[in-house]
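Order-wise, the sequence lines are chains D and F.
Counting in the working numbering, the first sequence runs from 17 upward without gaps.
Counting in the working numbering, the second sequence runs from 16 upward without gaps.
For the record, the hints were derived by calculation from the structure and aren't laboratory data.
C-beta atoms are modelled at their ideal positions from N, C-alpha and C, and glycine is treated no differently.
The reader is advised that the hints may include incorrect statements.
[Unchecked claim] List time: in silico PhoX-like cross-link candidates among lysine-lysine, alpha-carbon distance up to 25 Å: (1) K72(D) with K400(F); (2) K483(F) with K72(D); (3) K483(F) with K400(F).
[Claimed, not checked] Output of the computed footprint for chain D on chain F, the stretches with three or more beta carbons under 8 Å from beta carbons of chain D: (4) 232-239; (5) 296-305; (6) 426-439; (7) 455-468.
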Amino acid sequence: MMETPSGFWGPVPWIISTVVAVVIACLIRTLGEKEHKSGVQGQEFLMGNPRLPEEKSHIRAHNIYWGFFQGLRRYYEHATNMHTGIINDYIIWFLSLLAIMLMIVFVVEVI
Amino acid sequence: MSSLLIHSPILIIAIPLLAAFLTPFISRVSDRARDALVIATLVFVEFLVIILAVDIYRDGPHIYALGASSPLLAMPEHYMVPVRIVLQVDAMSIFMGMISATVSLAAAIYSVSFMRNETGKDKFYTLLLLLTVGMMGLEFTGDMFNLFIFLEILSISGAALAAFRTNFADALEGGFKYMCISAVAALMILFAVGIFYAQYNLLNIAALGQAIQYTMLDKIALTLLMMAFFMKLAGVPLHMWAPDTYSVAPAGITPMIYVASQACMYALFRVCFSLYGVTLNTLTIGWIVIVIGVLSMFVGVTMAVRQSDIKRLMAYHAVSQSGYMLLGVGVGLAVLGNPQALAAYGKQAMEGGIFHIINNAMYKGLLFLTAEALFYSLGTRDLNKMGGIAANMRYTSIFFMIGALAISGIPPFNGFASKLLIYESVYQFNPMLSVIAMMISIITLASFVKVFQSAFTGPILPHFRVVKEVPGPMLGGMGILTAIIIFFSLFPGLIVDQLIHPAVEALISRGAYINAIMGGMQ
């Protein structure tokens, strides 16, 4: 058990609970329909279009979370522009932050 | 055995250093002999680190004065200050030493197979051992000038290793960038060391800690040191070199460069807690560390989720995870001057942050190795070109899943334990910070779901049907880190009580750190 500020964390009870939950889920599954038919029933249906070959049906990385990136489009424009990949810019960031830090360290003391 | 224990701080640095210079000669005789020498050296270093750790956790810190009649004699006779090179190894230093030794060993084992078809392996292993020397020295040194020296060893070997695969154009660029930022950071540190020496005539950290008065020059030195270490640990907005460098370094080396960055984070903590301690404005400096941490978490993870190069994605996650450590320890630093808050939640925030360092070294190291295993087998780092690999690379898939679940903070893995400590304790300091940390965890999970879905699941692509699992030693390297992750996941209480808690106490007990060298000379 690991103590936390408001309680504790023990992985073993958690693992046991998960195993029990999985066993219960499997038991419920055994109560399901047993007369499953293979063939057309198991295939995807895309608005009447012919079925794509398997390798073409794979969703590639650049398509995942498209909506998330669209929603944060403006943030990503700024963030991407910030990452120029030019070493001179890295040093400019360093010097800028150094100046800000010096100001903070000295101004706070004066206040 | 006791003699070995007494000399172990210097042996941990000297043995890989000697082996590094022997490696090119042995390499001329036989590749297998060279591989055996490197692995045996790192196994012996791991053994020394473990026996030293056991002794430190049981009996307290170790001092090793070079050139003294007895290595325990830090202060020469008739002298008021320590003038020799001194290694000072307490629970925090040895904790970091264990991380560095373990990751170096796993990286070397992994590299035996990964580098089989490469040329220049004599230089590769020499640099690998020198990188280990740099990390160990940085973590064990007791004086500021040697901190600079070991940082230089670490940086030069790290840059050379990042640029090692010169057949890739971006490798040279990654190595060059690492060299540039390291040179700037080293210059800042040297400037700060000069400021200390000019003011106090001292270089020893404990002696400086006793003498320091937080003058205007000390504030400038503190700012320079913090900036240098933020740059080296890739804290936002000084993180931009990290994806460029981590993504091009050879497998095995990426986790090592990442752990080297964590060694720089240790140096930052050592400067803030042991050198300056409560003499500085802890609330202000603590908040600076927290803000850099939160920025690193947010920018790191949001940039990671967008990447399609698997190693760049992992590199941005490395930046993000460093933010958790800065957040946890930053809260501890912010309340260092407030004993009630420190006892109520500050120490546990630090425990969370420091527990996250070791957790992250293991699962981030594992994830970097799995990413490079994919590159080794598929010949691409582009996630858009991958698919259905799990069928042919089952062990790598399992290792990846374990690493991904751990980094995302999914129970019962070790990442959850350290993040839970951070969430709960940081909540008492500022609830909003805790909410941000939890949100970042969700995006981390989303990011790794993307990798798993696009690379491992789905129908296997026709040109990958002949792909096979990576060779045994590469699986062995990943297996070592996976075993440690599972152990840490099952026994988080044991790890926190036995390793983390003493490390935190060592970090905040500035008086004990100073007294270990200065004795009763307060």
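Starting from the hint list further up, note which numbers the structure goes against and sort them upward.
-> none
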